[in-house]
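A.B. asks: Sequence:
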Amino acid sequence: MPKITVNSVELDYEEFGAGNKGTPVLLQHGLGSQKKFMAPLAKLLVDKYNIHVYTLDLAGYGLSGRREDKPGADVSYSIESFARDIVGFLDGLGIKQVILLGHSMGGMAAQMVVKIAPDRVERLILLATAPCLKLSAVELAMSKVLPFKALVGMTFKRAFPPDYPKDKLDEAVNESLQRTSRVAFVSDLAQMTRKHFFSEPWLPQVKVPTLVIGSENDRSLGYEASKRLHELIPGSILYTIKGGNHEAQLLHTEEVATAIGKFVMA
Numbered sequence: 002m003p004k005i006t007v008n009s010v011e012l013d014y015e016e017f018g019a020g021n022k023g024t025p026v027l028l029q030h031g032l033g034s035q036k037k038f039m040a041p042l043a044k045l046l047v048d049k050y051n052i053h054v055y056t057l058d059l060a061g062y063g064l065s066g067r068r069e070d071k072p073g074a075d076v077s078y079s080i081e082s083f084a085r086d087i088v089g090f091l092d093g094l095g096i097k098q099v100i101l102l103g104h105s106m107g108g109m110a111a112q113m114v115v116k117i118a119p120d121r122v123e124r125l126i127l128l129a130t131a132p133c134l135k136l137s138a139v140e141l142a143m144s145k146v147l148p149f150k151a152l153v154g155m156t157f158k159r160a161f162p163p164d165y166p167k168d169k170l171d172e173a174v175n176e177s178l179q180r181t182s183r184v185a186f187v188s189d190l191a192q193m194t195r196k197h198f199f200s201e202p203w204l205p206q207v208k209v210p211t212l213v214i215g216s217e218n219d220r221s222l223g224y225e226a227s228k229r230l231h232e233l234i235p236g237s238i239l240y241t242i243k244g245g246n247h248e249a250q251l252l253h254t255e256e257v258a259t260a261i262g263k264f265v266m267a
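The sequence shown begins at 2 in my numbering and counts up one residue at a time.
Think of the hints as simulated: they come from the structure by calculation, not from any bench. Everything hinted at is true.
Using 27 Å as the maximum straight-line C-alpha spacing, the simulated DSS-like pairs for lysine-lysine come out as follows:
(1) LYS145 <-> LYS135
(2) LYS158 <-> LYS243
(3) LYS4 <-> LYS22
Per label pair, the in silico range of CB-to-CB distance:
(4) LEU141 <-> GLY20: 43 to 49 Å
(5) ALA151 <-> PHE199: 24 to 30 Å
(6) ALA138 <-> PRO163: 24 to 30 Å
(7) TYR165 <-> GLY262: 22 to 28 Å
(8) LYS71 <-> LYS196: 24 to 30 Å
Values in this document were obtained by computation on a predicted structure and should not be read as measured data. Yeah, the Cβ is synthetic: ideal placement off N, Cα and C, and Gly gets one too.
Between the sequences and the hints, there should be enough to build the whole structure, so can you do that?
C.D. replies: So this is what it looks like as structure tokens:
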């Protein structure tokens, strides 16, 4: 996979449909995830709509570098740092504008990109995300002391439906454990909470065309969060995945791709 150094950290990315014309789409993963989880959606967008697509591993995730491994560099993880990395990624590849899709935590980073660099986003797609993460003080404290495997396991169990095959869930958890920085994961849980990230005050100023995709049975951030984003962003479109769960890009790939395709081609 190609890599690019952004803000002192090497970021791993993948490109799909490089010869396709039009504004590229950047698919951004969420907490404990990686660009691999976006690949099925990326391939479908290329095959079905001839869209040019990028996927990117955020710092601390997947095959990208970790901030804590860079002596003298800024080792903090935050929604804003991810947003600045996304802008830096676009700068590094010479991309003036993208259609930016963010899933879960990646959706929070996408909201922040629109705030700090609105001219870089042609269209915004918010998939199963929220204005902030609602996490109790007890849950936040537990995240700092729980074994990493238990913490990731709890997170993934919420993200997938209750009847999701255990062997597939275990596989996803184990892969996340191998390719996720614990420092990033624990820090990001805190950084997603209202104390550190809360987009409601400035979402009414968002001017780019926006599609909000919410899953009816999202047990991670909740469908109400998607409805709230839609209420706050002027002129936004809300698409609901009936019976859908948090990992809609994996479990409802065709439906998500169709919603994106119609929005992008409009």
